[in-house]
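Undergrad: Residue numbers (the UniProt record's numbering), protein chains in the order written: chain A, 1 to 349; chain Z, 1 to 818.
What the hints contain is simulated information worked out from the structure, not anything from laboratory work.
Note that the structure is a prediction, hence the values are computed from the model and not measured.
Some clues are possibly wrong.
With a Cα cut of at most 30 Å, we get these calculated DSSO-like pairs of lysine-lysine [stated by the list, open to error]:
id, chain 1, residue 1, chain 2, residue 2
1, A, Lys247, A, Lys185
2, A, Lys47, A, Lys35
3, A, Lys152, A, Lys247
4, A, Lys307, Z, Lys444
5, A, Lys200, Z, Lys551
6, Z, Lys144, A, Lys347
7, A, Lys152, Z, Lys641
8, Z, Lys633, Z, Lys777
Here's a subset of chain A near chain Z, in silico, CB distances under 8 Å, partners left out [to be verified]:
id, residue
9, Val103
10, Gly105
11, Leu124
12, Tyr164
13, Asp187
14, Gly191
15, Phe215
16, Glu225
17, Thr228
18, Trp270
19, Val273
20, Pro295
21, Tyr308
22, Leu323
23, Tyr325
24, Asn336
For each residue, glycine too, the CB sits at the ideal point set by N, CA and C.
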Amino acid sequence: MSLIEELTALKASAVERINAADADIEALRVSLLGKKGELTALLKGMKDVAPADRKTVGEIGNDVRQIITALLAEKKAAAEAAQLEAQLAAETIDVTLPGSAHVVGQPHVLQQIIDEIEQHFLGLGFEVIDDTVDSPEVETDEYNFERENLPKDHPARDMQDTFYITPEILLRTQTSPVQSRSLEKHDFSKGPLKMIAPGKVYRRDTDDATHSHQFHQVEGMVVGENITMADLKGTLLSIMQALFGEKHQIRMRPSYFPFTEPSVEVDVSWNEVTPDTKPEDIEWIEVLGAGMTHPNVLRMDGIDPEKYSAFAFGLGPDRFAMLKYGVDDIRQFYLNDVRFLSQFNRKGN
Amino acid sequence: MKTNLTWLNDYLDQAISLDQQAVADLAEQVARTSVEVDSVTTLAQQQDGLVVAEVVSVVPHPDSDHMVITQVNIGEPKLIQVVTGAPNVAEGQLVVLAKVGAHIVNHETGELVTLSAANLRGEVSHGMLVALQEIGFDNKIAPKDFEAGIYVFGPNDGVHPGDDALVALGMTDPVMDTDLTPNRADMLSMIGTAYEFGAMLNQPVTEPAFDLVEYETLARDQVNVVIDDASLVPKYALRVVNDVTVGDSPLWLQKILWNAGMRPINNIVDITNYMMLMYGQPLHAFDLDKLSGQTIHVRRAMADEQLVTLDDKTRELRAGEDIVIATADEPLMLAGVMGGSSSEVDHTTRHIVLEGAVFNPSLVRATARRHNLHSEASARFERGVNWDATFTALDHAAHLVDDLAGGQVARGLVVAADTDYDTVIMPLTAARVNQILGTTLTLKDIAGIFDQLAFTYQIEADTIQVTLPARRPDMRIEADLIEEIARLYGYDNLPVTLPYGPTTPGHLTLRQRQIRASRRIMESLGLNQAISYVLTTPEKAQQFAENPGEKVVALDYPMSSDRTTVRQNLLAGLLEDVVYNVNHGVANVALYEQGRIFIANAPDTLPTEMEHLAGVLTGTRATSTWQQDKTEKTVDFYDMKGVVAQYLAQMGVDEVRYEATKRHQNMHPGQTADIYSGDVYLGFVGQLHPQVTQAHKLAPVFGFELNLFAVMAQVQTGVHYAPISRFPQMSRDAALLVDDTVEHADIVALIRQTAGDKLVDIQLFDVYTGDKLPAGKRSLAYTLTYQDNDETLVEAEVNADFERVTAALIAQFHVAVR
Chain A
1 MSLIEELTAL KASAVERINA ADADIEALRV SLLGKKGELT ALLKGMKDVA PADRKTVGEI
61 GNDVRQIITA LLAEKKAAAE AAQLEAQLAA ETIDVTLPGS AHVVGQPHVL QQIIDEIEQH
121 FLGLGFEVID DTVDSPEVET DEYNFERENL PKDHPARDMQ DTFYITPEIL LRTQTSPVQS
181 RSLEKHDFSK GPLKMIAPGK VYRRDTDDAT HSHQFHQVEG MVVGENITMA DLKGTLLSIM
241 QALFGEKHQI RMRPSYFPFT EPSVEVDVSW NEVTPDTKPE DIEWIEVLGA GMTHPNVLRM
301 DGIDPEKYSA FAFGLGPDRF AMLKYGVDDI RQFYLNDVRF LSQFNRKGN
Chain Z
1 MKTNLTWLND YLDQAISLDQ QAVADLAEQV ARTSVEVDSV TTLAQQQDGL VVAEVVSVVP
61 HPDSDHMVIT QVNIGEPKLI QVVTGAPNVA EGQLVVLAKV GAHIVNHETG ELVTLSAANL
121 RGEVSHGMLV ALQEIGFDNK IAPKDFEAGI YVFGPNDGVH PGDDALVALG MTDPVMDTDL
181 TPNRADMLSM IGTAYEFGAM LNQPVTEPAF DLVEYETLAR DQVNVVIDDA SLVPKYALRV
241 VNDVTVGDSP LWLQKILWNA GMRPINNIVD ITNYMMLMYG QPLHAFDLDK LSGQTIHVRR
301 AMADEQLVTL DDKTRELRAG EDIVIATADE PLMLAGVMGG SSSEVDHTTR HIVLEGAVFN
361 PSLVRATARR HNLHSEASAR FERGVNWDAT FTALDHAAHL VDDLAGGQVA RGLVVAADTD
421 YDTVIMPLTA ARVNQILGTT LTLKDIAGIF DQLAFTYQIE ADTIQVTLPA RRPDMRIEAD
481 LIEEIARLYG YDNLPVTLPY GPTTPGHLTL RQRQIRASRR IMESLGLNQA ISYVLTTPEK
541 AQQFAENPGE KVVALDYPMS SDRTTVRQNL LAGLLEDVVY NVNHGVANVA LYEQGRIFIA
601 NAPDTLPTEM EHLAGVLTGT RATSTWQQDK TEKTVDFYDM KGVVAQYLAQ MGVDEVRYEA
661 TKRHQNMHPG QTADIYSGDV YLGFVGQLHP QVTQAHKLAP VFGFELNLFA VMAQVQTGVH
721 YAPISRFPQM SRDAALLVDD TVEHADIVAL IRQTAGDKLV DIQLFDVYTG DKLPAGKRSL
781 AYTLTYQDND ETLVEAEVNA DFERVTAALI AQFHVAVR
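Starting from the given sequences, assemble the full structure and let the hints guide the process.
TA: Here it is in structure tokens:
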């Protein structure tokens with residue numbers, strides 16, 4: 001058999017063996033193309049080929065090598081793909097099993113309400129006064145009551161039963177004293193005073209589902225040269241819509257607070273109000289008290305009520321949270337039951 | 001105040017409609033314009049089937065010794081048989097029959113029941129004769145006790161058999177119960193309320209008229225008055241009415257009283273109450289014959305005086321403070337608050353003294369509070385009565401005593417004080433009103449509102465001069481008038497604007513941002529925010545306090561023994577929260593709180609308030625039902641410390657040190673560390689003392705408490721960026737056998753001190769204690785990482801650096817390098 005025939009036979013045999021191979025492609029490659037492989041052995045016969053035929057035989061030899069090499073590579077790739085597929089199949093898991101537990105804490109629901117209020121008023125250019133010096137939780141009778149136009153024998157003091165420490169020191173019953181403390185420090189040459197003061201307040205109450213001896217308020221106040229009750233109305237509408245939704249409306253009703261005049265109670269519509277809503281279908285819920293700051297209060301804080309006017313309001317985060325989420329017992333806010341706290345976790349809201 | 005709309009219509013020129021929808025609309029308008037409305041109700045409620053019945057015959061029940069069989073006439077051809085146990089039933093009476101099918105309110109359960117025919121020991125009763133308590137009257141307003149029997153109309157009440165009894169008894173009158181704010185003293189009277197509704201409905205008000213007939217006898221011959229101190233009583237007058245006949249009031253007056261929530265007593269007392277409801281002016285009637293001497297004194301109580309008030313309570317009077325009306329011998333009443341028993345008008349009374357006065361509001365208020373005696377009278381005097389009506393009400397009362405009790409009014413008012421009301425004329429401009437309200441009202445608009453209010457005014461150029469009337473004691477300053485304009489113009493009509501003017505930036509201060517960041521970091525570390533009570537017990541107030549030697553802030557007059565003292569630490573509150581959770585089946589708790597603690601200073605100065613941050617961990621960090629090995633690890637000291645360490649790192653607090661401490665009484669002495677940044681004390685972290693947690697049957701609880709002020713002061717502001725080195729790192733491991741007494745912190749400090757400038761990181765990667773080691777030893781293994789920013793490290797140099805470290809560790813701590 002000539003060398004050409006032998007090469008052709010090797011090619012046919014190699015193709016057959018490669019196609020049949022299912023395991024060790026590398027061993028087959030070595031036996032075919034290796035230094036001691038079959039092709040190498042055959043080509044050692046080149047030295048016996050007539051010089052005129054060497055070129056032809058050489059080309060055939062190269063062809064055979066290339067074909068075998070290509071086939072081997074193809075076979076190897078197929079084998080690797082099959083192996084990967086098998087591995088992936090073996091690694092398949094139940095992706096519907098629960099993911100590993102990671103713990104993320106929540107802000108307290110009252111904090112969330114306070115944060116929302118704070119965000120809104122920061123956007124309106126308000127300062128937030130909540131530090132221990134300008135917004136102390138233990139207050140003097142003077143700032144808590146007298147500077148708020150509630151002298152010692154004022155009937156309205158009955159509206160706020162008070163935890164006294166001494167006859168002159170008490171747990172603040174409202175965040176209103178922050179008004180006076182802020183006004184004293186404000187420099188009106190730098191513009192109007194616009195502030196909110198979130199914080200804890202205390203009343204001498206027996207705790208039950210609707211009363212808590214400790215709760216929160218966010219006082220708000222704007223003092224400037226042309227501050228009107230219409231501004232108060234607009235400001236309150238904006239915060240109520242921020243808290244309860246754009247389609248909610250407010251209404252103001254006459255009320256009485258010693259530190260504001262006129263004084264109003266503010267209701268928010270429990271349902272959404274559109275131009276088609278009939279007035280009698282709106283359910284109003286009382287949410288806060290507000291008013292134009294009483295001239296006596298301004299005067300006591302050294303502000304000329306002829307020159308400056310002011311409005312003030314008091315927001316109740318506890319009440320808002322109860323309304324917004326349907327919490328029916330205010331004591332829930334202070335028990336810190338993890339099952340309660342962790343429900344308020346919709347950070348995407 | 002219960003406002004009977006039927007009565008109110010007496011004073012309005014055009015009667016308001018009393019149909020249900022009209023009344024509901026009116027209530028809405030009142031709520032928007034003047035005061036809150038609690039309810040609009042009738043005494044009748046849902047009851048029906050009640051008629052006036054004439055008792056035609058009464059015969060004994062054959063089988064009962066306490067029941068009788070009556071035949072009653074209800075204006076129909078046939079009489080109706082009714083069996084009753086009422087002790088007072090008699091032939092000829094006009095009574096109230098609840099017919100078969102009637103709906104009445106059960107006086108015990110308050111439920112509406114339907115009456116059916118009943119067989120009472122063999123006799124059929126077609127309905128029931130009722131007492132007022134059986135048709136919805138509260139005992140406090142029914143004129144007779146329930147035990148006295150059924151209600152019987154008087155002969156002159158003008159009712160007839162078959163009349164609707166609900167109408168006859170005034171029970172269908174709509175009553176609007178207003179929730180008055182303390183300023184609206186005027187609305188504690190029907191006339192004042194009529195002015196308010198008149199203003200709202202733009203209707204004139206007609207005040208009641210009466211003709212007082214006086215007899216020859218001079219009142220001042222029978223009584224005279226001595227006022228000790230003019231400041232007690234700016235107005236004071238008496239009238240004398242002789243030869244009165246005390247008895248029940250006519251039905252029309254009783255109806256007025258019970259619709260106002262007051263109980264009819266007798267005609268004299270009822271007249272004074274009627275006048276109080278009409279004018280808002282409390283009056284009092286004394287039995288003249290029960291007074292010793294003719295002189296009435298208005299004075300402050302003297303030492304050791306006592307008085308039995310009409311509620312039969314003996315009151316110890318406060319010398320020099322309570323105002324009393326007295327004879328020369330004894331106090332007669334607590335002025336402006338309640339009368340005394342000794343001079344009470346009763347059925348034997350012949351001659352009476354009527355008193356009309358304005359008492360000092362502050363003193364009345366103080367007396368009412370001191371004696372916890374808040375009466376209809378004190379409520380009015382405290383808020384302020386209409387000075388212009390005081391003597392009118394007195395005259396009107398005298399007229400009614402003449403009319404209803406047959407009395408002869410002695411000639412003359414005995415006036416002991418008659419100070420003029422301090423009438424204020426308040427100037428106001430439209431510009432000022434619009435400046436405050438944001439409106440565009442004209443002076444004409446404003447004058448129109450004062451017309452509605454029936455305030456008198458004069459217009460001079462651009463100013464309106466408004467006379468503030470005595471019937472509105474709440475009107476004292478300009479803002480009061482602006483409020484009247486605002487509410488009558490309508491808050492709904494105010495424009496909606498936002499403040500304009502110089503822009504002010506809204507921003508948080510650095511400290512505020514740091515506190516907010518503290519909360520966010522805690523939450524990202526898996527702790528839920530808690531808000532606990534600030535008031536607690538004295539023990540808990542200091543349970544984990546930084547310095548239990550500090551004075552606490554304590555309430556003067558607490559509500560309960562578990563809320564007496566203001567906290568000096570947050571951890572005690574968090575521990576309470578853990579106890580609550582564990583007791584409710586929540587075993588894994590991770591909470592933090594940011595809030596204030598309070599250190600008392602000198603009396604009558606404010607305490608020092610400080611912001612703290614505290615946290616607790618107990619149970620496991622996360623619960624997974626099927627990956628327990630991965631997550632269900634019970635928390636330990638290092639979990640809590642890790643939270644603190646990560647928090648401080650995130651805040652930017654450097655050079656944090658933890659020092660083992662036994663000084664916290666309620667912390668585990670072997671598992672607690674004080675935390676410092678440099679030399680500044682920040683707080684502590686550790687296990688709560690097992691004695692504390694075991695008392696509540698808790699698993700180990702770990703906690704920390706930091707002084708936020710100290711933390712914030714240590715925050716290094718600004719981020720210092722360092723380029724990442726391009727050159728490779730090298731690391732060397734050192735496994736050290738060390739004495740138990742040598743702390744990790746000491747080893748790290750020594751490594752850092754001796755490692756040279758190429759060391760960039762030290763990691764503790766293994767801690768081993770156990771049988772395989774000699775007693776008192778443990779093995780600590782560290783990886784030291786070296787890197788140079790400017791060039792590739794030279795192995796020999798790193799080896800030299802590393803050997804210097806191990807040599808130092810051997811020399812200083814006698815470690816064995818393994």
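Undergrad: All hints are to be evaluated individually against the structure, with a verdict given for each.
TA: Tested hints:
no.	hint	result
1	A:Lys247 - A:Lys185	violated, 38 Å
2	A:Lys47 - A:Lys35	holds, 17 Å
3	A:Lys152 - A:Lys247	violated, 43 Å
4	A:Lys307 - Z:Lys444	holds, 25 Å
5	A:Lys200 - Z:Lys551	holds, 22 Å
6	Z:Lys144 - A:Lys347	violated, 64 Å
7	A:Lys152 - Z:Lys641	violated, 51 Å
8	Z:Lys633 - Z:Lys777	holds, 26 Å
9	Val103	holds, 3 Å
10	Gly105	holds, 4 Å
11	Leu124	holds, 6 Å
12	Tyr164	holds, 5 Å
13	Asp187	violated, 11 Å
14	Gly191	holds, 4 Å
15	Phe215	violated, 10 Å
16	Glu225	holds, 7 Å
17	Thr228	holds, 3 Å
18	Trp270	violated, 16 Å
19	Val273	violated, 13 Å
20	Pro295	holds, 6 Å
21	Tyr308	violated, 11 Å
22	Leu323	violated, 18 Å
23	Tyr325	violated, 15 Å
24	Asn336	holds, 4 Å
Of the hints listed earlier, those the structure fails to meet are numbers 1, 3, 6, 7, 13, 15, 18, 19, 21, 22, 23, in rising order.
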